[in-house]
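Each chain is listed here by its residues.
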Amino acid sequence: MKMYIELYASLMPLLPPGKERFRREIKVDDGTTVQQLIEQYQITDEQAHIVLVNGHFVCSIDDRNHKILETDDTVSIWPPVAGG
Amino acid sequence: MSWTQKILRVNLTEGTCTAEALNMQWANDYLGQRGLASKYLTEEVDPKCDPLSPDNKMIMATGPLTGTMASTGGRYSVITKGPLTGAIACSNSGGFLGAEFKNAGWDMLIFEGKSPEPVYLWIENDKTELRSATDLWGKSAWETDDILHQVHQDPQVRIACVGRTAEAGCLYSGVINDKHRAAGRSGVGTVMASKNLKAVAVRGTLGVGNINDMPKFVEAINAGKAVLAENAVTGQGLPTYGTQVLMNVINGVGALPARNMKNAGFEGAENISGEAMHEPRASDGKPNLTTNASCFGCTIACGRISTIDKTHFSIENKPEYWGASGGLEYEAAWALGADTGVDDLDAITYVNFLCNEDGFDPITFGCTVAAAMEMFEDGVLTTENTGGIELKFGSAEAFVAAAEALCSGEGFGQDLALGSKRLCDKYGRPELSMTVKGQEFPAYDPRGIQGIGLNYATSNRGACHVRGYTVASEILGIPVKTEQTDTDGKPELVKAFQDATALVDSAGLCLFTTFAWGMDNIAPQIDGACEGDWSVERCLEVGERIWNIERQFNNDAGFTSNDDKLPKRLLEEAIKGGPTDGQVNRLGDMLPKYYEIRGWTDKGEITDETKQRLSL
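As they're listed, the protein sequences go chains P and A.
For the first sequence, this note's numbering gives the first residue as 1, with consecutive numbering after it.
For the second sequence, this note's numbering gives the first residue as 85, with consecutive numbering after it.
Hints are computed from structural coordinates only; laboratory data are not their basis.
Just so you know, not all the hints are guaranteed correct.
[As the list claims (entries may be wrong)] 27 Å max Cα-Cα, derived DSS-like pairs, lysine-lysine:
no.	chain 1	residue 1	chain 2	residue 2
1	A	Lys-677	A	Lys-687
2	A	Lys-687	A	Lys-132
3	P	Lys-27	P	Lys-2
4	A	Lys-649	A	Lys-346
5	A	Lys-394	A	Lys-132
6	P	Lys-19	A	Lys-394
7	A	Lys-309	A	Lys-565
8	A	Lys-565	P	Lys-67
9	A	Lys-565	A	Lys-660
10	P	Lys-19	A	Lys-370
11	A	Lys-660	P	Lys-67
12	P	Lys-19	P	Lys-2
Pulled out of the complex, with its shape left as it was, chain P reads as follows (with noise of 0.2 Å):
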């Protein structure tokens, strides 16, 4: 299944070799869940502080168990930041 995946700040490290500053297109299998997601990447718990679906918080870790993705679901993920 196709989808993609924007890491930012100091989890861009982390993202798989490409072209885009922030975002890939990357294949999972069906039936992944946002939290499989975040642990394929080596991303912890406390890293994973904002985690957006297509813009839209998925904030606990039941919510990240529970969210199975969809095709071309965008996942957003920052570690803890803050500014203003």
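Guided by the hints, dock chain A onto chain P, whose structure is given.
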């Protein structure tokens, strides 16, 4: 007691400098800096006065932790009645100036009247004098800083000054200190220039030694520093990426306003993001970001020092801008970039340099240009109005030309100096000004983040994110995550953030500590430094008292609940597309509850019961 207990009253009309004892009753009730100076302002200034008349006063104030060993304890604020808004204004700045005031032995400087000729104030510990600044008038903030350092022959002298835009009456000019830090919002620098006060130069060697309980203080500040170092935001994220790390986050959640807030979401956001500032450029292989930097005593170091591509059109023939200088923070990058549709990192970095060099607020400037761009595209403004500038959204060339026009003080620059409210009024399109109480919005769309909309509407200095930064909770999950599009619980959230922020702004600390610190980290530091029992509860009560005294000043100035509102666009024009598709701000669902928990009437007036409870 870490107050020096001394204030300096400078009567610019008479040309006198007089030392006075600090009112310790007020210090105990309002702590310092923002709170204490607001108390002095409300006691001494008619809220209905013309902000640019000699009747207004301008106060430069430190907090009790300014100049101490507390992390980030280098802050000072400028408090006055703001000319952009007509409301109470308090603009906070870092750098090294605040600590120098304190080391010279002063808690606060009160400027009153108006000098007949341009002057600057020279402070060397107890020695204070007004000196002629006739030769400084017409100079930029950077030139002024350089000249005063040459005059005083001491690199440790710290300088606050205004640039050319303030002298020309631009209503959103700031006070620049240490060349790259600014008390930037609401036009506090315009007030300073209206008094013919060009600069304050200070050297302090007395130290800040009057800590009330040194062992308790040291224990508290060391514990606080450990929390900052271990926290992922203050220990890693902010030093590496600065506040600019937010550009992609806020765009990602559908809350990045673009093109005069016509919509949320900017396709060029990643090109002007904190991550982009790290990328090597083609011409010389160097990134925009040269290094990070810190203010006095800061253990976070979020500041940005940047360079611009020497081959970029904005500076290719201007070697004076080829060196490293103060770089982009998130709010500036948004206003100068996304809100104008410009995704040229070098162009907006150059304009950010100009903001520091000539002392004007990048948020209000960017938003004013954005409003002008919308009027240009609607045909309300033409090249005849703009001095030939094709002022279209997304044009970096037009944007740079507009900034240079403002600095010149001539032609279309005079229109831009008005700010968006007066500019849009002048050309008959008041609905295109994205302001509250006449001040422009920062970088979060209140349609996509409900609580920040309520904070904007009720902020005492006009639209402002750092009066109650609920984005921390609604987006960033600090201290706990709340749902960005919900209104339930947001009045309580806004009040809590506003009151806590008022306390932090009055202590001498940087607000960014609160990404890691709670009030239980801050109160012990104040308690160690100051006499009396500074519990968490007392700190929060002081914060609430400060919020209310500011509100009372505004009410007495003529503001009412009719001014606690958002532009029609944000209430009625729904976001199109993206994760916040269909959202408008639902201010009406939140404001009545906010008034109720504040202890105000449904007209936004402070009840007698609340005044009594807070000893106003």
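Verification of the hints:
Annotation: proposed proximity of Lys-677/A to Lys-687/A holds, straight-line Cα distance about 12 Å (limit 27 Å). Note on Lys-687/A and Lys-132/A: the hinted pairing holds, with a Cα-Cα distance of about 20 Å set against a maximum of 27 Å. The straight-line distance between the Cα atoms of Lys-27/P and Lys-2/P is roughly 5 Å, inside the 27 Å bound, and the hint therefore holds. As the CA atoms of Lys-649/A and Lys-346/A are separated by approximately 18 Å, the hinted pair is consistent with the 27 Å bound.
A threshold of 27 Å between alpha carbons decides the hint, and for Lys-394/A with Lys-132/A the separation of about 49 Å lies outside it, so the pair is violated. Taking the CA atoms of Lys-19/P and Lys-394/A, the gap is about 26 Å. The hint holds against a cut of 27 Å. Under the criterion of a C-alpha separation no larger than 27 Å, the hint pairing Lys-309/A with Lys-565/A is consistent with the structure, at around 24 Å. Simply put, Lys-565/A and Lys-67/P have alpha-carbon atoms about 19 Å apart, close enough for the 27 Å limit, and the pair holds.
Under the criterion of a C-alpha separation no larger than 27 Å, the hint pairing Lys-565/A with Lys-660/A is consistent with the structure, at around 25 Å. A hinted pair counts as satisfied when its Cα atoms are at most 27 Å apart, and Lys-19/P with Lys-370/A qualifies at roughly 19 Å. For the proposed pair Lys-660/A and Lys-67/P, the alpha carbon gap of about 26 Å is at most 27 Å, so the pair holds. Distance check on the hinted pair: Lys-19/P and Lys-2/P sit about 17 Å apart at the alpha-carbon level, within 27 Å; holds.
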